[in-house]
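Peer 1: Using the hints provided, position chains G, C and A relative to the given structure of chain F.
Which chain is which? The protein sequence lines are F, G, C and A, in order. Each residue of the first sequence is one higher than the one before, counting from 1 in the numbering used here. Each residue of the second sequence is one higher than the one before, counting from 1 in the numbering used here. Each residue of the third sequence is one higher than the one before, counting from 1 in the numbering used here. Each residue of the fourth sequence is one higher than the one before, counting from 1 in the numbering used here.
Any given hint could be a false lead.
Given that identical chains are not distinguished, each listed pair holds provided it fits within a single copy or across any two copies.
Below are the DSS-like pairs computed for lysine-lysine, each with C-alpha atoms no more than 27 Å apart in a straight line [what the hints assert, rightly or not]:
{"no.": "1", "residue 1": "126", "residue 2": "4"}
{"no.": "2", "residue 1": "83", "residue 2": "126"}
{"no.": "3", "residue 1": "4", "residue 2": "83"}
For the record, the hints were derived by calculation from the structure and aren't laboratory data.
Number of protein chains: 4
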Amino acid sequence: MDEKLQRYFNNDRFAAMCGLEIVECRPGYSRVQVQINDSHLNGAGYVHGGLLFTLADFCLGTAANAYGHIALSVNSNITFIAKSSGGTLIAEAVEIGRSNPLFTYDVNIFSETGELLAHFTGMAYKTQREIDI
Amino acid sequence: MDEKLQRYFNNDRFAAMCGLEIVECRPGYSRVQVQINDSHLNGAGYVHGGLLFTLADFCLGTAANAYGHIALSVNSNITFIAKSSGGTLIAEAVEIGRSNPLFTYDVNIFSETGELLAHFTGMAYKTQREIDI
Amino acid sequence: MDEKLQRYFNNDRFAAMCGLEIVECRPGYSRVQVQINDSHLNGAGYVHGGLLFTLADFCLGTAANAYGHIALSVNSNITFIAKSSGGTLIAEAVEIGRSNPLFTYDVNIFSETGELLAHFTGMAYKTQREIDI
Amino acid sequence: MDEKLQRYFNNDRFAAMCGLEIVECRPGYSRVQVQINDSHLNGAGYVHGGLLFTLADFCLGTAANAYGHIALSVNSNITFIAKSSGGTLIAEAVEIGRSNPLFTYDVNIFSETGELLAHFTGMAYKTQREIDI
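With the rest of the complex left out, here is chain F:
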């Protein structure tokens, strides 16, 4: 990955606090993983929907920003399919539409054993601002 891009993603402090790690990232495609620990759980002892959403949103963001311009999420929809309470989760973002300045991504989140935990569709808006920090 490009150094500027790497610095930009490293600057995502919320993603860092959540423990998200980029596994693979290129324009229009990305995979991000997270190792679940106690700080990710909700009151019922399951992985928090907010953590799952953050994982999907960051995964979309890395794929959309990899084109070199800052792209910001405008709308997202997430469906929680199965519960999980540990292990390493992995998100995969695939671009399903691009019609400047809007990008659409599907993101699926899987458990370690490949079970689909959540399905997310999100739209990002590409700004004129180049990534250069």
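Peer 2: Frame of chain F, contents of chains G, C and A only:
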């Protein structure tokens, strides 16, 4: 608020890590706030969509769980209306539909000055499990 | 309403086939109604989700197009709150966000007796093309 | 397809008015097509979002009802990826989650040439009522 409920919400470790505080909570209605700090920001320096989603989701959760049974999110949609980078944000969840076992909530997130930052609609599924921890 | 706008809305042949009628329309706000008949029902005898969506989408469209440029829906989320099988339904679209070129609307659909049947959030993209047909 | 199921789908009068035709249908999977004509167009001359939604919703409905119980849509999200103004459109519904009584489907709508026009995620609620009309 009921003590069992309080313990249940306190047990939400992801909400705690995010710094979320319940302001008001009763069956079908809730307000939750968060004081923004650096750990909530994304790479572009704005409050992360994942933090906003978590705020809305937890707000919905407290309102829906206040009936006394564990209710889990099944689907949520969030639209990001305006960017923000600091201050105290407040979410308000209002129940707009209830058709057992499904609850529907609208959650709006406002900045300190009352600007609408995000609009969220979510659906929770009420389980048979009573809150008793 | 402006004549060009009126002609543009009259040219919406799907809205016409569905029997949708504009009650009030100005930039950022609109109300549209439909008198339910047999052709609007699904296999279970309830008003079809597709008709409810069309009502909400057209309502958003009239509010967003009333600014004078063609605005096209890019994403919509609808939650079905209560079933209905007849009478006159009314949709009301309220603009909740505008950040050029994206507009966000909330649309609620009510039964004749004021019961909330569906809640819709949609985003439209404003094109450069003026309404002039 | 089972006769009762066929009768149930034939009883969907809104789907019939829209010209929707089931191509293939089994529990958890369905394909539905529609031949676009003038009555499906919006004011700008494109296929109406309401028709696309109806196509996706009916496609989900046939897949979910094929299990033999009436399943009703509770929430749907649709993203419009590309515009279209004619030809035969085809929707394909794939079940991505099932956790009684909720079913989740992804539905993609394609143009005649295989271009992705819209992506839909919907959730249906399975009732106790058997299909028997």
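Peer 1: Are the hints correct? Go through all of them and say.
Peer 2: For each hint, the structure was consulted:
1. Taking CA atoms no more than 27 Å apart as the test, residue 126 paired with residue 4 passes inside one copy only; the shortest distance there is 17 Å, against 32 Å between copies.
2. Within a single copy, residue 83 and residue 126 get their C-alpha atoms only as close as 33 Å, which misses the 27 Å cut-off; across copies the closest is 15 Å, which meets it.
3. Taking the closest pair of Cα atoms, residue 4 and residue 83 come within 27 Å of each other only across two copies (23 Å); inside a single copy the shortest separation is 36 Å, beyond that limit.
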